[in-house]
Amino acid sequence: MATSTRPPVVETIIDTAQEEAERTRERMRKGLDILLARNEPPVGITPKDVIYSRGTLKLYHYRPMTDEVYRVPVVFVMSLVSKPWILDLTFGQSFIQYMLAQGFDVFMIDWGIPRPEDKNLKFEDYVMDLMPACFEEVQKATGEEDYSILGYCMGGMFALMYAAMYPDAPIKCIACAATPVDMTGMGLFRKWQDPRYFDVDRLVDTVGNIPSEMMLRTFELLRPMDRLGGYIRLIDNLWDQQFVYGFRIMYKWTNEQIPFPGETYRQFTKELMWENKLATGQLTLGGRRCSLEDVKVPVLHAMAEHDHIAPFAATKPLLELVGSEEKEELVLKGGHVSLVAGKNAVTRLWPRVAEWMSYRSV
Amino acid sequence: MANQNGTSRAETGAPDVAEMWRSWLTETERQLNSFFGEALGTEQFARASGNFVDGYAVVQRSLNQGMERYLNTFNLPTHSDVVELGERLHAIEDRITSLEGAIRTLAEKSGVDTASNVTKLRPKRTRKPVPKDGQNSSA
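Quick mapping for you: the protein sequence lines, in order, are chains A and B. Mind the numbering: the first sequence is residues 1 to 362 in the working numbering, read in order. Mind the numbering: the second sequence is residues 1001 to 1139 in the working numbering, read in order.
These are computed hints drawn from the structure, not numbers from a lab. Please note that the accuracy of each hint is not assured.
[Claimed, not checked] In silico DSS-like cross-links for lysine-lysine, where the CA-CA straight-line distance does not exceed 25 Å:
1) A:Lys58 - A:Lys140
2) A:Lys327 - B:Lys1128
3) A:Lys122 - A:Lys270
4) A:Lys58 - A:Lys83
5) A:Lys252 - A:Lys343
6) A:Lys191 - A:Lys252
7) A:Lys343 - A:Lys333
8) A:Lys333 - A:Lys270
9) B:Lys1124 - A:Lys140
10) A:Lys343 - B:Lys1132
11) B:Lys1109 - A:Lys140
12) A:Lys83 - A:Lys333
13) A:Lys277 - A:Lys122
14) B:Lys1132 - A:Lys327
15) B:Lys1128 - A:Lys140
16) A:Lys333 - A:Lys316
17) A:Lys83 - A:Lys343
18) A:Lys316 - A:Lys296
The model shown is predicted, which means the values in this text are computed figures rather than measured ones.
With the hints as constraints, model all of the structure from the sequences given.
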């Protein structure tokens, strides 16, 4: 091959131009895919069976991936704020699949999309009615008395409330991810819900469930430039199959925001945001005190340093508040979502959680 | 990236404009988020957003009431009627679920195998954790 006599700088410019032309072709092709919603990446694809349902709630039992599983089943408890498939994104990026591959028998409580008639559901209904019913079904399905719980975000809060309300429940251990407990650390959320200006009663009495659009815009306001920045990065990386795939999955998850049950929102705002009752041990559910001090089972808490939804200041005090003797925290870089579904998660969170739970699952 | 002479961009000393632009974008986004974060964290914004939510609730309520009157006039089911129907269906579903549970308990007590096919195919629950020295004891 003849050696070019052009100066290296010119060579570089020509190469760059060729590369950019190639990328532009790819950008146009993938851009059209997105605009026309073609080739949508599949999500939440790990095979599962619905073993119990009630209203919008579904209890999934994932099909095992190993011939031998740990004795104690793991029940994932999802947040009320978003769809649960963030924990089961796609091949190689699924927390659920990872746990199955590690030999766990995995269940998940999916609260579903609240219907208008679900506006009256409160913490009590989730913690003292629906969760116990699900755990009973898990016990029946596995034939095992005890179970472990893994809660993400508000799911972690539910898991802790359940453990506090039922100290004798056969919970083997609890792993929480990005679970806020001290609402004084909730940053902008807390400022926007200032009781002097925010009339939660008027809002809930009028709309019932908080509309998904309102929830979505509130989350977006926490970092107003993220959406625009995301679009610019998408255009820049439209040639990159992997980037586009990841973007489309996360875009889908972010935009598929679900409504928030009205009474729970009222309770969350008044009792947790305004009065911080969970952290101060003054919360009562169904007339009974719900204090995190009563949580005595082993607890692992994973949190993200740059979490803007459940800020570090709100998640950090969890271990100080629970009464468990055996407790451990894991602080990772990244944000609320990347904690459980990003690169950090695949290499750091998932293996750590699996290892921690494995010793408590026999 | 290497060109046909095998010299990379770094070796030629040519600046990577695209990379510089990306860094600028990231930094600008961070700064703007921080700027807006401060602006949105003020008491003025909290008051404004509170007023907005109040206004939204007032408009929504009058729309709901207007629509309800309109639908009643034409003898059509309103949103509250549908919600009420949903609640009743929900109650029926709950009853069915509890009846199913009761029947299953009775069947189990009578010695009938009620486990689903999926449940019957469960693997052994004898797995052991990998010891910390790296030897697998589950096999």
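Do the hints match the structure? See the list:
no. : hint                 : verdict
1   : A:Lys58 - A:Lys140   : holds, 16 Å
2   : A:Lys327 - B:Lys1128 : holds, 22 Å
3   : A:Lys122 - A:Lys270  : holds, 12 Å
4   : A:Lys58 - A:Lys83    : holds, 12 Å
5   : A:Lys252 - A:Lys343  : holds, 19 Å
6   : A:Lys191 - A:Lys252  : violated, 28 Å
7   : A:Lys343 - A:Lys333  : holds, 11 Å
8   : A:Lys333 - A:Lys270  : violated, 31 Å
9   : B:Lys1124 - A:Lys140 : holds, 16 Å
10  : A:Lys343 - B:Lys1132 : holds, 24 Å
11  : B:Lys1109 - A:Lys140 : holds, 14 Å
12  : A:Lys83 - A:Lys333   : holds, 23 Å
13  : A:Lys277 - A:Lys122  : holds, 15 Å
14  : B:Lys1132 - A:Lys327 : holds, 19 Å
15  : B:Lys1128 - A:Lys140 : holds, 22 Å
16  : A:Lys333 - A:Lys316  : holds, 14 Å
17  : A:Lys83 - A:Lys343   : holds, 20 Å
18  : A:Lys316 - A:Lys296  : holds, 18 Å
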